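For the record, the sequence lines run as chains A and B. Terminal number for the first sequence in this note's numbering: 910, no gaps in between. Terminal number for the second sequence in this note's numbering: 329, no gaps in between.
Honestly, the hints are just simulated from the structure, not real lab data. All values derive from a computational prediction rather than experimental measurement. We put the CB at the ideal spot given by N, CA and C, even for glycine. It cannot be assumed that every hint is accurate.
[To be verified] Quick look at which bits of chain A chain B covers, simulated, 3 or more residues with Cβ under 8 Å: (1) 405-415; (2) 868-874.
[Said to hold, decoys possible] Each computed BS3-like pair below joins lysine-lysine, with the alpha-carbon atoms no more than 25 Å apart: (3) LYS46(B) to LYS869(A); (4) LYS189(B) to LYS775(A); (5) LYS261(B) to LYS775(A); (6) LYS189(B) to LYS147(B); (7) LYS261(B) to LYS869(A).
Spelled out from the first residue to the last, the chains are:
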Amino acid sequence: MLNVRPEMKVIYTSILIVFLLFLLLPMGTLLLRSFETAEGYSLTNYYNVLSNSELLTAFVNSIKISGLTAIITTILAFMIAYALNCTNIYRPLKSVIKMGILIPMLLPTITYGFAIMYSFGNQGLITQLLGKPLFDIYGFNGLLMGYVIYTLPAAFLLINNSFMYIDKKFIIVSKLMMDGSMRSFLNTIIRPMLGALGGAFVLSFILSFTDYGIPASIGGTYSVVATQLYQVMLGSIPNFNHGAVIAVLMLVPALFGVVLLNYLERFNFHYDKFSQIEMVENKIRDIILGFISIIVLMGMLSIFLVMFIAPFLTSFPYDLTVTMQHFINVFTSNDLTAVYKNSLIVAFFTTVVGIILAYSSAILNTRTGLKGRVAFDVVSMITNTLPGMVLGLSYLLLFNGSSLKGTFTIIIVCNIVHYFTTPYLMAKNSLSKMNPSWETTGGLLGDSWFKTVYRVIIPNSASTVIEMFSYYFINSMVTISGIIFLVSAQTSLVSSKIKELQHFAKFNEIFVLSLLIFFTNLIVKLICDYLQKKQSVKNF
Amino acid sequence: MKRMKWLTFLLIGLAILLAGCGGNAASGEGGQVVIYSNGDEEAIKAMEQSLNGAGYEGKYIIQSLGTSELGGKLMAEGSKIEADLVTMSSYFLESAQQQHSMFRDLGFQTHSLEEYPAFYSPVLANTGALFFNTAMIEQKGLEVPKSIKDLADPSYKGLVSIPNIMDSSTGWTLIQAIISEYGEDEGKKIMAGVIENAGPHLESSGSGSIKKVQAGEVAVGFGLRHQAVEVKKSGAPIDFIDPVEGNFSITESVAVIDKKNEKTDLALEMAEVLITDARKDLITYYPVPLYEGETVDEDNKASNNKTFSEPLTVELLEKHQSFFNSAK
């Protein structure tokens, strides 16, 4: 390990100060405020919140629907990942499925609700095609559908990723040992995948438990924790202390999740090597799984279809003449273009500063001998469990009186901290695989540490930096849970503007703005993918 | 030296994080007057047009919020609120002023028909009335109701739609009418009957009930009078009645937050524009005369205008909300 240099300590300290100010302090404030009453500190707030039947119902509802979402999502994600990794489905079809399943990630969750409304509502596109409404979309059904769409891409990525680390040769071995197909499936796929499946379950549960966008658009009278929290904080009789209690309680499932994940950790296998093999021929398996994957994908995309149709029509579904008027309205409205610009500013600064922060933390953690470098792992574990709404709320409590209130800075910082974990782990993963003696060699050749980092380390992890860019950018474009408490009239973002437009039922504007986010993200993603590919070609 | 360059680079990064973007917000749109409004789409449009017409285009930014959301902000933040100017239900302004003394006196002549406190002046008013679907009444063989009390009659079961006072201020005009005519005790029985008859047609939006009546989901409803007039004019089988209990109104007013800076002065000028210029458009959407010289169609003149005996405040609203809930 490299000797500790003063410049490392400077960077280490500055990053720690950032997390102290924008993670630990806000969390401490949140905890403190949850105990604060007019008569000093006590458990009264907790008592009041837990004895409020409306809030209790919301909690029970949230747990129920998030649990169901997590089960459905995990099963679907597993089936699709299985179809991609363990079948002989036509390759180009596999890539289409792999790409298509990630599309919802490019959109804010609040848009999902409106897409569902316009697809399955009384006058919806799919309803019209079928002739009658399939089910009541407001409340439970709509929420469940939205949550599944929202959590499926993330769960799929996780499961698909661990499929790559399974040695599929064991499938053949199992066949040779004359195992039945059920036994073979359980022992060679399910058993080594248990950790990932559990992870996907926990992830889906927490994501849907803490999302604000979907219930805000389609929750109807089915109350969930996220909307209750919003109401308590920003409703007609705001009660910040009760809001703090709800936020703290919102953390409980996340903590359970971490415990569960640690328990599941022991099920993770470590294969010595992964061999690529030809899959055993099985036409029926391929057809069934291919069919299921396509149905899931089509079902998901058909919901978003309306978004690409409705804004081009005068008044869907009543007046179906094609028009560009809605786009012209949005682009000529100062208000809406300003909001789009705001979103771009926030996403850009979040990405740039976020990458610097996460990359520096990862370098210090993996490639130096700094004492206390584990701190970054702890930070990344905390940010991983922290729902955006809770973080945003704690910023509101801490910075309400300060000059940071109502600025872009506070939104950017919130996004950086909120999404810190994944980019940090990406950087850590790639940096720890590099030859550990590069800095020493660079030093012997007379280069400073910075110079080695700049000339050797960064170029060798360019692909990862691009990946971090894409992750930070897209997530800060779509997030609403994290920023809903922090935006003001002058720092309004597209995702929060959509909520305002909802008040007037201006769905065409909502869809136009959603398309703007979608295409911005798509372009960023395509460019990043292209650059990444170019990088990997260069390196090998 | 090179080492220093990198260090500076990183520190600049942090500097951007801490200061740069804050500066962005300040230098970009910082000089604009921020207007918070609970108004409907038509109201906001009329206000924007009048402000742009008076040459204020680009000098203000309007943020629309739900009534309860904006109310919560006023109560919680007082004069620390981001807005320089608000248009909001008058009763919320009264309560916010009582609690925070946060508004500046408008200080210009408004020539309003009634007296209002010096710190606000109404921009529009909503009046409640009964309406019914003539085709449905005939089809179901029902009597045309004359009063809100009639809606409690069992023959209307499942055929009534009313706005919910918990979410809608139009709902409040209904409660005011019941309480001032019958008092709390008898009123509660009537209220219970009406709620029973409304069943699932308890609307969270003030315009919900007219939509239900127009669609033929229910036969009679209580809601915004001018909407019923408009729907009737469009040729739909709808008619309206001013109930014997009276037509009660809720006003939405403009007020300027006293921030003691130059934006407050600009906000005051804008407030005057809203009352003078925007009213010409607003009165076509919300046809209730509020100022001298304003006229409306004969149809849009409610025949039985009344006001509640106590001043409308948030506290009274909460009292009436619990009256409503206890009747459930």
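Here is how each hint holds up against the structure:
no.: 1; hint: 405-415; verdict: violated (count 0)
no.: 2; hint: 868-874; verdict: holds (count 3)
no.: 3; hint: LYS46(B) to LYS869(A); verdict: 18 Å, holds
no.: 4; hint: LYS189(B) to LYS775(A); verdict: 45 Å, violated
no.: 5; hint: LYS261(B) to LYS775(A); verdict: 19 Å, holds
no.: 6; hint: LYS189(B) to LYS147(B); verdict: 19 Å, holds
no.: 7; hint: LYS261(B) to LYS869(A); verdict: 32 Å, violated
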